[in-house]
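Q: Protein chains in written order, with this note's numbering: chain A, 1 to 545; chain B, 1001 to 1218.
I should point out that these hints are in silico values taken from the structure, not numbers from a laboratory. A portion of the hints provided could be inaccurate.
SDA-like, lysine to any residue: derived pairs with alpha carbons at most 20 Å apart [unchecked claim]:
| no. | chain 1 | residue 1 | chain 2 | residue 2 |
| --- | --- | --- | --- | --- |
| 1 | B | LYS1184 | A | ILE220 |
| 2 | A | LYS459 | B | ARG1156 |
| 3 | A | LYS394 | B | ARG1156 |
| 4 | B | LYS1184 | A | LYS394 |
| 5 | B | LYS1211 | A | GLY465 |
| 6 | A | LYS428 | B | LYS1211 |
| 7 | A | LYS428 | B | PRO1097 |
| 8 | A | LYS366 | A | CYS443 |
| 9 | A | LYS394 | B | ASP1010 |
| 10 | A | LYS394 | B | ASP1204 |
| 11 | B | LYS1211 | A | GLN388 |
Now for the letters of each chain:
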Amino acid sequence: MASVKDRNASAWLLPPVPGTNRAMRTDMAQFRDEEEVDIAIVGCGAGGSTLLQRLARAGWKAVALDAGPFWDPERDWVSDEAGSHHLYWTEPRIISGDDPVPLGSNNSGRGVGGSMVHYAGYTPRFHPSDFHTYSADGVGADWPLEYGDLKSYYEDIEGELPVAGEHWPWGDPHSYPHSPHPVSGNGELFLRGALASGITAKVGPVAISNGRFGNRPHCIYRGFCLQGCKVNAKASPLITHIPDALHHGAEVRADSMVTRIEIDDKTGKATGVHYIRHGRARFQRARIVAVAGYSIETPRLLLNSACKRFPEGLCNDFDQVGRYLMVQGAPQTAGRFESEVRMWKAPPPEVSSEDFYETDPSKPYKRGFSIQTVSPLPITWAEHVAAQGHWGGKLREYMTDYVHWACLGALCEFLPQAENRVTLASEKDRNSMPVAHFHYSQCDNDRQLMQAAQGAMEKILHGAGAEEVITIRRFAHLVGGARMAADEQHGVVDADCRSFAVPNLYITDGSVLPTQGSANPALTIMAVAARAADRLIAGGASKPT
Amino acid sequence: MTVLPLDPKDGGGRFPGIDVQGQSPHWDRVTQGVVLARLGRPTDLRFFTVAEEAAARALFDQLLDQRQEPRVPVVNMVDTRLAEDQTDGWHYDDMEPDPAAWRSTLAELDAEARERHERAFAELSWEKQALLLTDIQAAEMWRGRQTSRVWSLWTRYACTAFYSHPLAWDEIGFAGPAYPRGYKNLGLNAREPFEVADARPAQDPAAHTAKSQTGRQR
C-alpha cells in the first residue's frame, strides 16, 4: 500500500501553524456553470469530500457544492459552547412521531467538513455482522455488500485521518496507525469501572492525531472537540481530504444551496444541479451528479426534484426515498465521585467498549450497543441536570457539583423501519423550497436496548465507585433515508452507490446505510464513499471524456 | 470581583478565588471577542413586547433562582437569539417554531396567573410564581400542549444563556475557553495552576435524592 502522503497529501498541504492554506482556496479551480463538469457533488461532508478527493486525484473535473461556508478554523471557530451554534444545520424542519428526534444540534452539520467538524472524533469500524443482520437475526436488513468489501477502505481511511487507539479486539480485530492517547479522569474512571465489572474497555478509536501528522500538530487536550478543532488535530474532511482535492484541481463551491437535480425527460439522465448562490439562481451542468447531503437533506433534495419522469420524487418509483431513516439511541449516564473528575478536560472521545455490540442469545432483544466516554460542557451538562426535573435553586446547586461527575454515553442499534422517514412539509424555507418533515417512532427492541445500555453504564460507574447516577435519554447520529439494496424495490442505490433509477446519479453519504450497528457512522460513510469512487474510476459508470 | 449571589448552603462559594475572566489574555482573539461580549452592556430588547418581557424576566429568575443583582442578563440574551432567529431550526409538528412558541407560551403563563390570582405572572409573589411553575411541570398537558415540550423550550433557552456566562462558570468551577493553551494535567484530582479546588467536595446535592434517576432530552 502506498504511503498516506502518496495517496492523500492533505496533512502536508496545510500550513505548519494553526489555520488554513488560504492560497489554495484563492487559487482553486473555478468551473463555469455552462461547462459540463465530470461530476457535481452535492454536499462537502464525510461522503462528498472523500469522493471529491478520490475523483480529483483520478483527473476528473469535479466540483462539490456546499450550502454552508468554507470554514476558516482560526476565524470562524471558538473555544466556547454557545458561540458554536453556527456549526449546525439550523434551517427549518418539522419533527413528529411517538419519539420525535430533535435536530439541528449534535446530529447535523453545516459547511465544508460537514458533521465531522463537530463530531467527537470516534471512528470505529462496523462489525462483519452488521452487513447481514436480517439473515442472522431476522431484524434490520442485509447490505448488498459484506464487510470484506469495505475492509481495505477502512484501513485506507484510518491511515488518512489518522485514527489513534489500542489494538481493537472486537468485530474484525485490527490495529490503528497511531498509538492511544493518554486519558483524563473521565476515561480513567471508565477503565476502572469496566475492570471492576468484568467488561472489556479500550482506549480509542479516535480520529485525533497522536503526534505530528504532516503539518498537523499534536492534540492539546483542550476538550472543545465538539466546537470544531482549531488546533487541526481532530480529523474532519476540511483538513483530511479537501486540501488534497483542491491540489488536484477540484473546486469547492461553498454557500451554494442545491435546490433541484435536473433530469432530461428524453434520456432519463441527470444533466446537472440547480442551486442558489449569493441570492442568484444558477445551474451547473454535469455529466454525473452525486448527492451527499446526509440523511435529511438528501431525501429532501430527491423529493424536491420531482419531474415529469419522477412525479413522486427523483428515484422514488418504489416509494423508498426518505424511508428507513435511523437514529441511534444515545442515553448518557453520569456518576458522582468524591474526587474531582473535571470531565471536560481532554477530548470527550477517549475510551469505548464494544462488549455488548453483538446479539446476545440469552437476551430478549436483538443486536446491541456500545459504550463510550462523553464529556458534556456546562450548557450540555445543565441539560442533563434539567432533564431530571431540577430547576431554580436545585439546578444551581447541582451545577456547582460539576467537577465531581463522570459521564458515559451509549450508542444503541435502533432498527430501520419503513415508517421512520422524511417527507416534504407544506412549510417552505427562505429559498421557497418545502422543508423536511421527519417522523420517528421507536420499536420495542429499541426500547429494550436503551434500558439495557443504561443498566450497563450504571454498573460501570458503580464499579468505579460512583454513589449516585443520573441518566438522560437522547438520540445521536442519522443514517439511512436512501438506502442501498439488492434491487430497486428495497432501496434507492446499489452497492456502488449508483441509483437504480437514474444511471448517472449517485448517492454517497450516510443515507445509503441499510443498518447502523452501534458504531459512530463517520468512518463507514467515508469508506463507502471511497469504494464508490473506486468503482466510478474503474469505469463502473461511463468514463470521463 | 463580581460573584453571582448564591448562599453557601445552596452551593455558593465552592471555588474561592476562581476568576475565569482573569484568564482571558490566554484565549485566542476570536474567542475573547465572543465570550467577553457577554460581560458588556446587555443588548436592548428587540423581540419581546413589554408584557412578554415582564413574564420572561420573572420566569427566568425563577428557573435560574436569580433573586437579586448581579444577575446574568438572561432575558436580554434570549431576546437577542429570538430576534436573530438563532434557533435550532426544528419544531414539533404540534408546536410553532421557537420564536412564536415563546410568544404564545408566555401569554399562556400570564393567562394562567390571571385565572388563578387575577394578576400577570410577574405581579405574583416569588412563592406564588414558584408554586404555579411547580404545578405546570407536574402536569402531563398544560393549556393544550405537552408540558415536557413547553418546559424544555423554557429551560433550554434559560440554561444556554446562563451557563454561557463567565460568572456562572466561576460558580461551577469551570475554567472556560482553553485555546491555544490546552491542558497538561489530566486525571482525577489533577488541576492546572489556574484551576481552583472545590472547597467543599462532600457537599453532594445528589446525596439525598434517589440513587438512580432518568430524564429525557426534548
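Q: Hint by hint, say whether it matches the structure.
A: Here is how each hint holds up against the structure:
1. B:LYS1184 - A:ILE220: holds (8 Å)
2. A:LYS459 - B:ARG1156: violated (29 Å)
3. A:LYS394 - B:ARG1156: Satisfied, since the Cα-Cα distance of roughly 16 Å is no more than 20 Å.
4. B:LYS1184 - A:LYS394: With a Cα-Cα distance of about 33 Å, the restraint between B:LYS1184 and A:LYS394 is violated, given a limit of 20 Å.
5. B:LYS1211 - A:GLY465: holds (13 Å)
6. A:LYS428 - B:LYS1211: Violated, at about 47 Å.
7. A:LYS428 - B:PRO1097: Cα-Cα ~13 Å, so holds.
8. A:LYS366 - A:CYS443: holds (12 Å)
9. A:LYS394 - B:ASP1010: OK: A:LYS394 and B:ASP1010 at ~8 Å, within 20 Å.
10. A:LYS394 - B:ASP1204: holds (12 Å)
11. B:LYS1211 - A:GLN388: holds (12 Å)
Hints 2, 4, 6 from the earlier list are contradicted by this structure; the remaining hints agree with it.
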